[in-house]
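One letter stands for each residue in the lines below.
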Amino acid sequence: MFDIPILRFGQTYESMERQPVVHFDTGETVAQLHQATGAMVKLDLKKAQKARDALRAVPIPKLIDICKAAARMYLEETLPCGNGSLSPAEFCRLQSATTGLPENMCAANMRKNAFVLGHMDQVLDALTRGLPYDILTNGYGKESRGVMVSYQATTPVFGMVLPNNSPGVHTLWLPALPMQIGLCIKPGSQEFWTPYRITEAFFKAGLPREAISVYPGGHDVGGAVMTDCNRAMIFGGQATVDQHAGNPRISVHGPGFSKIILGDDVVDRWEDYLDLMVDSVFANSGRSCINASGIWASRHTKEIADALAQRLGPVVPLPPADPKASLAAFTTPGAADAMNAQIEEGCKADGVTEVTAKYRNGDRLDKRERCDYLRPTVVHCTGPDVPLANTEYMFPFVSVVECPQNKMLSQIKQTLVCTALTDDAKFKQQLLDATHIDRLNIGPVKTVQLNWLQPHEGNIVDFLFRARAFQNTPPEAH
Amino acid sequence: MSQLAEKIAAAKAQLDAHTVESVQWHFHESTGSPYWLEKAKTFKFDPLKEVKCFDDLKKFPHFEDEELRGGPINRWIPKGLAGKPAYVFETGGTTGIPKSRMVIEDHWIDYENFSDTLPDEYFPKGSNWLMLGPSGPRRLRLAVEHLAQHRGGICFCVDLDPRWVVKLLKKGKIKEAEDYKDHVIDQVMTILSANHDIKCAFMTPKLLEALAMRLIDEGSSIAETGITGIFAGGTEFTPQWYRTCREELLGPDVYITPTYGNTLMGLACGKPFDPADNYKITYYAPQPRAVIETVEFKDYNQLVGYSQTGRVKLYTMTKELFIPGFMERDEGERELPHDKYPWDGISGTRPFHEYAKTTTVGVY
Chain H
1 MFDIPILRFG QTYESMERQP VVHFDTGETV AQLHQATGAM VKLDLKKAQK
51 ARDALRAVPI PKLIDICKAA ARMYLEETLP CGNGSLSPAE FCRLQSATTG
101 LPENMCAANM RKNAFVLGHM DQVLDALTRG LPYDILTNGY GKESRGVMVS
151 YQATTPVFGM VLPNNSPGVH TLWLPALPMQ IGLCIKPGSQ EFWTPYRITE
201 AFFKAGLPRE AISVYPGGHD VGGAVMTDCN RAMIFGGQAT VDQHAGNPRI
251 SVHGPGFSKI ILGDDVVDRW EDYLDLMVDS VFANSGRSCI NASGIWASRH
301 TKEIADALAQ RLGPVVPLPP ADPKASLAAF TTPGAADAMN AQIEEGCKAD
351 GVTEVTAKYR NGDRLDKRER CDYLRPTVVH CTGPDVPLAN TEYMFPFVSV
401 VECPQNKMLS QIKQTLVCTA LTDDAKFKQQ LLDATHIDRL NIGPVKTVQL
451 NWLQPHEGNI VDFLFRARAF QNTPPEAH
Chain R
479 MSQLAEKIAA AKAQLDAHTV ESVQWHFHES TGSPYWLEKA KTFKFDPLKE
529 VKCFDDLKKF PHFEDEELRG GPINRWIPKG LAGKPAYVFE TGGTTGIPKS
579 RMVIEDHWID YENFSDTLPD EYFPKGSNWL MLGPSGPRRL RLAVEHLAQH
629 RGGICFCVDL DPRWVVKLLK KGKIKEAEDY KDHVIDQVMT ILSANHDIKC
679 AFMTPKLLEA LAMRLIDEGS SIAETGITGI FAGGTEFTPQ WYRTCREELL
729 GPDVYITPTY GNTLMGLACG KPFDPADNYK ITYYAPQPRA VIETVEFKDY
779 NQLVGYSQTG RVKLYTMTKE LFIPGFMERD EGERELPHDK YPWDGISGTR
829 PFHEYAKTTT VGVY
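These protein sequences, in sequence, are chains H and R.
For the first sequence, position 199 (counting from the first letter as 1) is numbered 199 according to our numbering, and the numbering increases by one without interruption.
Converting from the second sequence to our numbering requires adding 478 to each position, the first position being numbered 1.
Hints listed in this document are in silico derivations from the structure and should not be mistaken for laboratory results.
As the structure is a computational prediction, the values presented were derived from the model and not from experiment.
Be aware that one or more of the hints could be misleading.
As the list claims (entries may be wrong) - Straight-line Cα separation of at most 27 Å, BS3-like style, residue types lysine-lysine; simulated pairs:
| no. | chain 1 | residue 1 | chain 2 | residue 2 |
| --- | --- | --- | --- | --- |
| 1 | H | 47 | R | 797 |
| 2 | R | 651 | H | 413 |
| 3 | R | 536 | R | 797 |
| 4 | R | 659 | H | 46 |
| 5 | R | 651 | H | 46 |
| 6 | H | 46 | R | 653 |
What the hints assert, rightly or not - Residues on chain R that point at chain H, a partial pick, calculated with CB under 10 Å:
| no. | residue |
| --- | --- |
| 7 | 695 |
| 8 | 717 |
| 9 | 719 |
| 10 | 758 |
Quick reminder that beta carbons are idealized off the backbone N, C-alpha and C, glycines included.
Between the sequences and the hints, there should be enough to build the whole structure, so can you do that?
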């Protein structure tokens with residue numbers, strides 16, 4: 001069993017409170033996670049500037065090299081994990097055991113994280129729009145066009161309250177370190193594996209240990225991270241999003257409500273996009289905020305729903321080690337039951353039809369001894385106002401919604417990723433102007449296909465640095 | 479017989495004698511309270527004749543805590559104490575009809591007894607006190623103030639309304655709850671800056687933490703304010719928090735003792751800090767005025783073994799109040815008697831697991 005201590009800006013700390021972490025399928029305790037307290041986090045954060053100072057002592061190009069070396073180690077090497085060590089395969093096995101995610105998806109998410117680390121120079125170049133690195137280090141400097149600019153770090157450390165749903169979310173915070181901002185991490189209670197492994201890879205690659213804290217723990221730890229870090233990100237449901245809306249110190253990541261929209265000009269060719277739709281709904285077991293939970297079109301919606309249901313309905317859970325496993329388990333007792341009950345209730349409404357049922361050969365809810373599965377579900381909605389038309393669940397669930405094209409943008413509400421399939425110039429411009437769409441794909445791009453050289457859910461550079469005026473000589477008279 | 483065994487036996491004998499005396503007082507027609515005199519008519523035994531030792535209290539039916547909600551409060555006043563000025567104290571953060579306890583002098587006696595356990599080195603006689611916690615209908619303010627006066631000092635008080643904090647937290651108004659905490663700490667900082675020679679304090683763990691943080695923010699510390707002794711209680715006090723407090727918040731010059739108490743029991747003292755315990759916190763009830771048992775979850779008349787987990791069962795036996803077996807909303811591990819407190823203790827107190835999911839913990 002792994003005994004995993006707290007990491008306090010590089011120093012390991014053995015807590016007197018430890019939380020057992022169990023294998024979702026066997027019930028075996030696979031790890032013991034030391035528990036931090038809010039007071040500990042608050043005390044450490046008083047010295048947060050030391051993390052940034054230590055990172056600023058290392059030039060950014062060197063930090064990028066460290067990222068690249070860490071990427072390889074994270075992906076390929078046996079690395080320390082608490083009182084033991086883990087090979088990549090063992091890492092995937094344990095991550096699967098506590099999160100319910102099939103091992104092949106754990107491996108895929110590892111590759112995703114490693115890609116971002118390994119291409120950190122390109123990622124930073126894209127996110128900063130080509131800013132010379134010394135401007136981030138010094139706070140000011142001249143761009144290549146000779147203009148003085150200033151970017152002030154808004155915080156010495158980036159706080160985060162991380163989720164359990166998918167290890168892919170860790171890609172979001174990785175660029176902070178090479179920008180010389182330290183990390184204060186509260187990992188998920190089941191998916192603490194990735195933050196610890198990436199941290200060990202960083203340390204082995206030469207990152208100053210003072211740069212990273214990892215505080216597993218309860219709500220008071222999350223509270224301390226959120227209140228005492230000048231900049232923090234949090235993941236949660238709609239209630240979390242609402243709670244932090246408008247707070248410039250908090251980057252909140254909630255449900256994505258990601259969608260595929262078929263314009264009237266292409267909808268008669270919907271079959272050409274069936275694979276795109278299936279993958280957008282189904283990849284990573286539908287757990288990500290970038291999975292499509294809505295497909296909107298003005299016509300052919302019944303045929304689209306039926307075609308999706310034929311592909312997704314028969315999918316069954318497989319053992320987590322099976323390379324073909326495509327469904328993740330729900331390891332929190334009652335979670336799958338609650339979602340299933342909500343869907344059942346929603347399907348009773350006029351205008352909602354579950355299409356998968358006839359292809360599924362069994363119930364949606366598959367209850368096991370220590371975990372549950374929800375099998376893929378496609379519902380057809382006759383309009384945007386019916387229940388389930390704009391919902392999202394943490395498994396492959398999609399609503400195919402019938403809606404006139406001219407009403408779509410006013411009805412789709414907040415959308416993290418929108419793939420719009422259209423060549424209609426006017427509609428494309430309306431999509432570009434829609435401020436409730438965050439990431440926009442116009443053309444045949446799956447909602448789950450990310451380009452890491454593009455900002456994701458806002459730009460981390462804008463969040464961690466503030467553009468401001470700076471002068472060290474008087475301006476010319478004018 | 480070892481010295482500890484002798485002390486244990488003496489404490490047991492004292493408890494048995496105190497039990498008989500309490501029952502005689504509370505169930506005698508001339509001195510008992512209307513509540514117990516009426517209740518006794520429903521019993522299948524005669525308390526006056528059939529309670530000869532502490533274990534005989536198991537003959538009483540389980541006490542329903544709902545009995546403490548609502549009035550008339552006067553039914554709890556023993557005839558033997560009729561006419562004396564009385565207080566009513568209520569449970570902490572509860573909204574709705576709270577559980578109430580009638581008190582005359584018990585809160586003073588509790589704290590005078592507790593005073594005897596405080597080391598004078600850190601709680602100097604004659605020095606002034608700070609009381610940082612709930613007042614209003616809670617007994618804490620009056621009790622701590624009496625403790626200060628009993629030790630020759632004057633108590634400065636800062637109020638905290640836990641019912642308002644509960645409302646804020648239940649509505650998800652975290653920011654407002656933080657603002658309220660800041661408001662409380664602002665007042666403490668003002669008092670501490672006013673040259674009142676405050677050396678001793680009562681604080682709840684959360685407020686102690688908030689005060690220590692504020693002082694650190696301002697480049698100071700609790701030790702630098704002149705405070706040398708703190709007794710803390712009122713909310714869950716974990717070993718890890720205790721360790722953080724001693725090692726990082728307070729430093730070596732400030733003494734802290736954990737306490738566990740409520741309006742029914744009075745104040746249970748923490749076993750003196752012992753590095754060998756690895757910050758385990760063990761409480762001992764103020765016997766014989768109150769007794770804590772750690773009992774089986776499925777049989778409240780059965781003690782668990784030492785180091786085993788059970789629910790907290792409380793007996794109150796003062797002149798003012800008799801409660802034979804109140805099931806507390808806490809659980810913990812039964813601990814062996816200690817030289818200073820030669821009767822059973824309890825460690826690891828935390829909300830009873832069946833209630834924990836619905837309880838708002840840590841509001842003050």
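Each hint, compared with the structure:
Distance restraint check for residue 47 of chain H and residue 797 of chain R: the Cα-Cα separation of roughly 54 Å exceeds the 27 Å cut-off, and the hinted pair is therefore not satisfied. Restraint check for residue 651 of chain R and residue 413 of chain H: the C-alpha separation of about 26 Å stays at or below 27 Å, so the hint holds. With a C-alpha separation of about 20 Å, the suggested pair residue 536 of chain R and residue 797 of chain R falls inside the 27 Å cut-off, and the hint holds. Of the supplied pair hints, the one linking residue 659 of chain R and residue 46 of chain H holds, its CA atoms being roughly 19 Å apart against a limit of 27 Å.
At most 27 Å may separate the alpha-carbon atoms for a hinted pair to count; residue 651 of chain R and residue 46 of chain H meet this at roughly 25 Å. The suggested pairing of residue 46 of chain H with residue 653 of chain R holds, with an alpha-carbon distance near 20 Å, which does not exceed 27 Å. Look at residue 695 of chain R: its Cβ gets to within about 7 Å of chain H, closer than 10 Å, so that hint holds up. The closest approach between the C-beta of residue 717 of chain R and any C-beta of chain H is roughly 5 Å, which is under the 10 Å cut-off, so the hint is satisfied.
Interface restraint check for residue 719 of chain R: the shortest CB-CB distance to chain H comes to about 6 Å, inside 10 Å, so the restraint holds. Below 10 Å, beta-carbon pairs count as interface contacts, and residue 758 of chain R has one with chain H at about 9 Å; its hint therefore holds.
The structure fails to meet hint 1 from the earlier list, while all remaining hints are met.
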